[in-house]
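Residue numbers (my numbering), protein chains in the order written: chain A, 1497 to 1888; chain B, 1497 to 1888; chain C, 1497 to 1888; chain D, 1497 to 1888.
There may be inaccurate statements among the hints.
Copies of the same chain look alike in the list, so a pair counts if it works inside one copy or between any two.
No more than 20 Å apart at the CA atoms, straight line, and that leaves these computed lysine to any residue pairs for SDA-like [claimed, not checked]:
(1) Lys-1680 / Pro-1822
(2) Lys-1559 / Pro-1822
(3) Lys-1680 / Arg-1820
(4) Lys-1680 / Leu-1821
For the record, the hints were derived by calculation from the structure and aren't laboratory data.
Number of protein chains: 4
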Amino acid sequence: MPPPLKLGMVGGGRDAFIGAVHRRAASLDSRFVLVAGALSSNPDKALASARDLGLPRAYPTWKHMLEAERARPVGDAPESRIDAVSIVTPNHEHHPVARAFTEAGLHVICDKPLCLDSAQADDLVRAVDRAGTVFAVTYNYTGYPLVKQARAMVRRGDLGPIRKVVVEYNQGWLATALERSGQKQADWRTDPARSGAGGAIGDIGSHAENLLHAITGLHVRAVCADLARFIAGRRLDDDANVLLRLAPAAGAAPDAEPRGVLIASQVEVGHENDLRIRIHGERASLDWRQEDPDSLWFRPLDGPASLLRRGHPYLHEDAAQASRLPPGHPEAFIEAFANVYAAAADAIVALRAATPLAAPDFPTVRDGARGIRFIEAVVRSADSDAKWTSVE
Amino acid sequence: MPPPLKLGMVGGGRDAFIGAVHRRAASLDSRFVLVAGALSSNPDKALASARDLGLPRAYPTWKHMLEAERARPVGDAPESRIDAVSIVTPNHEHHPVARAFTEAGLHVICDKPLCLDSAQADDLVRAVDRAGTVFAVTYNYTGYPLVKQARAMVRRGDLGPIRKVVVEYNQGWLATALERSGQKQADWRTDPARSGAGGAIGDIGSHAENLLHAITGLHVRAVCADLARFIAGRRLDDDANVLLRLAPAAGAAPDAEPRGVLIASQVEVGHENDLRIRIHGERASLDWRQEDPDSLWFRPLDGPASLLRRGHPYLHEDAAQASRLPPGHPEAFIEAFANVYAAAADAIVALRAATPLAAPDFPTVRDGARGIRFIEAVVRSADSDAKWTSVE
Amino acid sequence: MPPPLKLGMVGGGRDAFIGAVHRRAASLDSRFVLVAGALSSNPDKALASARDLGLPRAYPTWKHMLEAERARPVGDAPESRIDAVSIVTPNHEHHPVARAFTEAGLHVICDKPLCLDSAQADDLVRAVDRAGTVFAVTYNYTGYPLVKQARAMVRRGDLGPIRKVVVEYNQGWLATALERSGQKQADWRTDPARSGAGGAIGDIGSHAENLLHAITGLHVRAVCADLARFIAGRRLDDDANVLLRLAPAAGAAPDAEPRGVLIASQVEVGHENDLRIRIHGERASLDWRQEDPDSLWFRPLDGPASLLRRGHPYLHEDAAQASRLPPGHPEAFIEAFANVYAAAADAIVALRAATPLAAPDFPTVRDGARGIRFIEAVVRSADSDAKWTSVE
Amino acid sequence: MPPPLKLGMVGGGRDAFIGAVHRRAASLDSRFVLVAGALSSNPDKALASARDLGLPRAYPTWKHMLEAERARPVGDAPESRIDAVSIVTPNHEHHPVARAFTEAGLHVICDKPLCLDSAQADDLVRAVDRAGTVFAVTYNYTGYPLVKQARAMVRRGDLGPIRKVVVEYNQGWLATALERSGQKQADWRTDPARSGAGGAIGDIGSHAENLLHAITGLHVRAVCADLARFIAGRRLDDDANVLLRLAPAAGAAPDAEPRGVLIASQVEVGHENDLRIRIHGERASLDWRQEDPDSLWFRPLDGPASLLRRGHPYLHEDAAQASRLPPGHPEAFIEAFANVYAAAADAIVALRAATPLAAPDFPTVRDGARGIRFIEAVVRSADSDAKWTSVE
């Protein structure tokens, strides 16, 4: 295994939730070591948060960090420049930070959704293309071994042509007006200025879209959306129900265009983080739930359903390589997240060795941009009287 | 317990599936005894089928049965007239048979969906109103004790105002062109002349709509439907995905109109008879699955989820009365079906005693008519470019 | 299908639980029609209970019934003698009633456990051998289709030689001193004079032993038992934990004698009727739970676990024949019970046609006697300081 | 949070399984940083393994490590002495290594079971008492938040006095003669010289005993064991079935001595790592499964069962403090393991601050010694004709 890459982080200080997840994910396999941070948009809090963590290089703002790190030498020495930056701020800061670090030639791991709108997204895609850097978006659920297994099974034709996908992301934590209680996560997620045009559809619906695409390779061609706000005064949707038309995979010839249903809700009381995807092909179907991530149901036309489980030799190598423990020793959220980081590290190491990977196994800036276009299409559809709204 | 009522049956002979279910359901609690039948539209088969069952009174056609039974005396003697008729034919025969027996003053238990279109449905509603007879539609899933429990919990406000309902009916048995194999069930269900305008949406989507209404009391106000036919040459939909707008219950004041999602599919490979409903209110949610019918999840805002189980003293009396066995001695499909028959018997007995029931606990002809309008609206919506299509 | 057989019933009147189960099970498939009954040991209650049910022939005692029925002609006419009697009394009445009816040449369906002790059991075996009659014991759980499937899979070697069986029957309804509340079921089940030497081990442990034997064909050779009474003053065990040594099936050559663990408890709070059996062979294992009876897990050495479900064409014909409804239309307790009755009816009909069945598919008087010996061995073992106590 | 402690490791090099688990667990919360290692009993492999990991201080043997580290200064500087050592060798090396490091005043985290026999165990207890050091045994399953929740519920009396515990640890990975294939884990685990007297009972049965004690506080007073070896030539048990008598908790007054059943098997084909514990009290029961670790069933005498889930505010603070992620973002094996490390770190930090913790929340050397006595008693019992064998 190569020595760990040096990582900086923007956002993720005191009171943040996802910052600590990124830190554990980055270090779980010793692929990254966190050496620098501008952990808050508040400079005092940024420095205090870095002290909490014992970070060697604490910066008051991401601009200070960018400038100071650029001034450092490139290389493997402890004092050399960071290789990559993790961006774990609220959404509205993704674009400026990601663009600046990318242009500086630094690799980026950016939280989802990618940014606020498709203009920003396109700009980032172009910036990454120009810079030739690695840019991963932490659609972390694609990191689960059995998601990779599902993808492999679809690709090798175990299901036949896909007819239908049902993907749902059921949460209940915003069933009350939590944003008025001062809860920080609820506060910015319900604020269009910091979240973008989508509420539930942006925060979790984009995960659902990404999972659908990652497993099936299908694109959402058109959407028909019904968005609701069940809390008086809430400014963004907290419940999204969307019909989908999917662009069939090359080579597929189903008798009808593949259909989809996407549900993303944050007001379904008592549901925790219930992301589930069901994929129905001509010959078999798959069923996976994030809350039971080591299991994958396979249901063929003939014969009984079987329950594929992480860690067994019968799995595809993509799933095998993403697994750390034997069967029945459960892996979970952190490990899946770490798989995104590990894949980004692989790509960075390969790039440094001038042997770029043919097929990096993490969500890219283009996945992020496609997600933004999906969110925008859903929001447009919700405001439209027409049944179908095209994506892009 | 009163002596069993005398029952005749139309349809349900050799090769039929649902006829035997009705017979077992009718007799399970000794509320009905089957004494007469015109069990097929083919007179020879009708008579042979009756012989198979040892029926005392075998008729070649339902018209013969109607005429002969009308000529018999009313009363409790073995030779007296049947009290009620079960109609278990394909859908296109429901209307003429039901109308004729209703006009003759006989009570009717009719399979679902009620008939072919809303003109027939309205005609039946008027006929029943004129005749003053009992008319039950075997939306059998409402017979499950924990469905009655769910209804009671919604009614007494355990969930608060309803925000959202997700009801899905997942099957896979029509994932291939089974109708071309000579399989009788597949044959008539994919034929518009015998099934009506709806395929999956009629056969099972109407169950889903009925379950939604039975538990929540909400009406589907408007639909936005995407229907597919995944088998080349199939004439009716085999996959239906529908967004719903629901008319809020009286007294409810949610911050947004209640939403719904309805999925009905017969091409989801490996799914058996997976009817599931999730009801999300402001304060709690419910989750029930037909394939595990003795269980009902209740998830409140505060505190852990609880799993309500049939047979316990903590259940509402509606659920208690619909139950026969102690907890853990599972009841299932036949018992739920029998509960519809038992409720119809209660209503008939009460009517004979000139003390009609205030609130008969079975799906009525009006439920049947509402179901037909729902099917029609979905089919209209599927052909429309407008997002929303009103029901009625 | 042959015309229904005429059935009498002893016990099962007002306040009884299992009587109604037997009646529904007997009539579910129209294999029996109940025409006579001595439904209580209290003559007044017996007659009143028969009136409740509208029974054509009500008797004050079983002796009256036996005498009167013997006097009737044999044959198919409505007034002819009953073909069989169901014995659904508390255990202490099983032997005298079963013996008398058997000696009179009547077929018997008797509830479990067979009787009070092995002397009675042997006497019944001899009586049945002399009379040549059908004698079924309602170890009803063997009637489940997927229990028959498990048996077929063991027989055809899908598991290889059996190494270990874990069978548990978890209940909680006697976790308090319910017998002191006047609850009738608790009252006689905790009374040695009416129940026999076993409490939980007799009432439900014998079901567990029977299930083990029915599926695997293995005999319990020796037991090591720990019985407890957790309620002050209770006279019979309410919790039984037993190690088993099993006699290997012919042809099997495991490297060690097959082992077993049997748990039967009625004080495990919150457990309803949780009978579960796990069978571990050299090459695969099976797992079945009564509370989810339409499912059977099969876990092979190589490859993923599969979930066998009732109603599919991939099942063995023994399972297919015991099934009435398509997959996903759940069958349950009553249907399994009815399968015991149906198999007894098959045997009676065959005997009347002088073509006795080679392999009747119901628990016989010998199964009942083996069960009694098992209960006695467990009770002896519980009182012994030696580790192992032989059965018989 | 205090700065990370410096950790050394003995064992856990190339080909090892548990070493990587310890490393991830130690570093997950930045409570330890691994700086030194003697990672194999083969000096070349030890050095190569340390190189693989980029360890700053690589030693050929643990004796070299001990000597060299003792020579370093105590303190917080990067070059100062390690604070603690993790021992992750096969069992036979636990005692000499643990004793030597303890005597040198270093804190120890030792894998389970503690050592080979009770003489070694007692020696270690005395050594730890003399040294006054922290000594944690990685019975990692006690680290799960919902195990701590279960313990808290028993302690505060939610279940009433405990009547019965059923703990089972079902695995299938040794169902074939894997040890003859060169698989390293199977090789030493089936070798008495390296594993001790117990096979399955030692490797996983001791986890089960520990879990029972950790949650309930009950001691196993006596055992009645049946051990089997299902593979020809295998030298240690691969299947253990044990009846338990438990010493009632102080203050409890059940009507009978608490009972237990313990199953530990490595030949149950298709079972992965299925550790489950059910605890039955007078008023309620608990049910927890390691393969679904974020869930805990609570079943009270009255009212429905509830499903407690990690991350909710209704949980006890012991469970809350052991949790890192919100509900539905699953935590698993590594996090539970890390909780043992974190608790040991807390104790070490407190000791260095001369404010030792009143109630350290990790399994101690005394828990380890009790486990060894349990294993020895089971092995003695298996060889005995007497039903009960006392522990100690």
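Here is how each hint holds up against the structure:
1. Lys-1680 / Pro-1822: between (38 Å within a copy, 14 Å between copies)
2. Lys-1559 / Pro-1822: neither (44 Å within a copy, 31 Å between copies)
3. Lys-1680 / Arg-1820: between (34 Å within a copy, 17 Å between copies)
4. Lys-1680 / Leu-1821: between (35 Å within a copy, 16 Å between copies)
Violated hint for the displayed structure: number 2, the only one.
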